[in-house]
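A.B. asks: Work out the full structure, taking the sequences as your base and the hints as a guide.
Each chain, letter by letter, is given below.
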Amino acid sequence: MLVLTRRSGEGIVIGDQIRVVVIEVHGGQVRLGIEAPAGITIYREEVLNKIKLENKKAADVDPTQLKKILSKKDRPSEGEKGPKK
Amino acid sequence: MNMMIESAKLGPIAIDSERLITFPEGIPGFPEVKRYALVENDKGHPFFWLQAVEDPDLAFVVTDPLIFKPDYRPALSPEELKELEIEQLDSVVVLTILTIPHDDPLKITANLLGPLIINTTTRKGKQFVLSDQNYSHREPLSLTQLLSAPAPEIAGKK
Numbered sequence: 016m017l018v019l020t021r022r023s024g025e026g027i028v029i030g031d032q033i034r035v036v037v038i039e040v041h042g043g044q045v046r047l048g049i050e051a052p053a054g055i056t057i058y059r060e061e062v063l064n065k066i067k068l069e070n071k072k073a074a075d076v077d078p079t080q081l082k083k084i085l086s087k088k089d090r091p092s093e094g095e096k097g098p099k100k
Numbered sequence: 017m018n019m020m021i022e023s024a025k026l027g028p029i030a031i032d033s034e035r036l037i038t039f040p041e042g043i044p045g046f047p048e049v050k051r052y053a054l055v056e057n058d059k060g061h062p063f064f065w066l067q068a069v070e071d072p073d074l075a076f077v078v079t080d081p082l083i084f085k086p087d088y089r090p091a092l093s094p095e096e097l098k099e100l101e102i103e104q105l106d107s108v109v110v111l112t113i114l115t116i117p118h119d120d121p122l123k124i125t126a127n128l129l130g131p132l133i134i135n136t137t138t139r140k141g142k143q144f145v146l147s148d149q150n151y152s153h154r155e156p157l158s159l160t161q162l163l164s165a166p167a168p169e170i171a172g173k174k
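Protein sequence lines correspond, in order, to chains A and B.
Here the first sequence stands for residues 16 to 100, where the numbers follow the working numbering.
Here the second sequence stands for residues 17 to 174, where the numbers follow the working numbering.
It should be emphasised that the hints constitute simulated quantities derived from the structure, not laboratory data.
Note that the structure is predicted; figures quoted are calculated from it, not measured.
Where is the CB? At the ideal position from N, CA and C, for every residue including glycine.
Do not take every clue at face value.
[What the hints assert, rightly or not] Which residues of chain A face chain B? A partial, calculated answer using Cβ under 7 Å:
1) Arg22
2) Pro52
3) Ala53
4) Tyr58
5) Val62
6) Leu63
7) Lys65
8) Lys67
9) Lys71
10) Ala73
11) Val76
12) Pro78
13) Gln80
14) Lys83
15) Ile84
C.D. replies: In structure tokens form, the structure reads like this:
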């Protein structure tokens, strides 16, 4: 990983279309301004990781479990009466 | 034209190759898989399968989020709309991926933080990650509400 030191107000340029500027450094936080073309998606890393993990979990679905859920539709009272875990 | 997929989850299914949905960047976590088919599970309920074409093992359960969250309005920026070449809002379909936990399938959740936005004209889609922190990636669902809803008319059927 390339490591650079920047002060508030200074920036870096990535390629010819992406620019990142340090807006403010305060306490343990850094505010960044980012300019990039419309096609480039910019995410907070931990939020994107959360979505990736959730997608993996969602893809792990077992079709028999969906059937189980749908069987509730035909017998809607069953869920309410069943023992609580 | 119909093509067959030997889906690990659904068995052999016939899909219309002209009705595929392309996710040019894939779906986060599965960047290499670009093409999906929207498959009805059973008639008369609001669940659909989003079956990957290139990977027969990969499929998601999806639904129309407005069924259980009528006020759901994922805010997309003009740049994001442009990215999907969305000009008219009536050519947009919003879907949400559902997670059905193995240990307790009735604790089903919806990923409202990462909606699937599909342009029904170009049949291109993308999973956006909202900056709106009011929406959760694990929004609990009311099954009663979901199952009493009529099956929606969504992308694959239009």
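A.B. asks: Decide, hint by hint, whether the structure agrees.
C.D. replies: Now the hints, each set against the structure:
The closest approach between the C-beta of Arg22 of chain A and any C-beta of chain B is roughly 27 Å, which is over the 7 Å cut-off, so the hint fails. With its C-beta approaching chain B no nearer than about 9 Å, Pro52 of chain A sits outside the 7 Å limit, and its interface hint is violated. Using the Cβ-Cβ criterion of 7 Å, the hint placing Ala53 of chain A at the interface with chain B is satisfied: the shortest such distance is roughly 4 Å. For Tyr58 of chain A, the suggested interface contact is upheld, since its CB lies about 5 Å from the closest CB of chain B, less than 7 Å.
Annotation: Val62 of chain A was flagged as interfacial toward chain B, and the flag holds, the nearest CB pair being 6 Å apart, inside 7 Å. Taking 7 Å as the C-beta contact cut-off toward chain B, the hint placing Leu63 of chain A at the interface holds, the least distance being around 6 Å. Interface hint at Lys65 of chain A: satisfied, since its Cβ lies 5 Å from the closest Cβ of chain B, which is below the 7 Å cut-off. For Lys67 of chain A, the suggested interface contact is upheld, since its CB lies about 4 Å from the closest CB of chain B, less than 7 Å.
Restraint check, Lys71 of chain A versus chain B: the minimum CB separation of about 5 Å is within 7 Å; hint holds. At its closest, the beta carbon of Ala73 of chain A sits 4 Å from a beta carbon of chain B; the interface hint therefore holds under the 7 Å criterion. The interface hint given for Val76 of chain A is met, as the beta carbon of that residue sits about 5 Å from the closest beta carbon of chain B, less than 7 Å. Satisfaction of the interface hint for Pro78 of chain A is found here, the shortest Cβ-Cβ separation to chain B being roughly 5 Å, below the 7 Å cut-off.
With a least beta-carbon distance of about 4 Å to chain B, the hint placing Gln80 of chain A at the interface is held under the 7 Å criterion. Proximity of Lys83 of chain A to chain B holds as hinted, the smallest CB-CB distance being about 6 Å (cut-off 7 Å). Contact between Ile84 of chain A and chain B, as hinted, is supported at the beta carbon level, the nearest pair being about 6 Å apart and thus within 7 Å.
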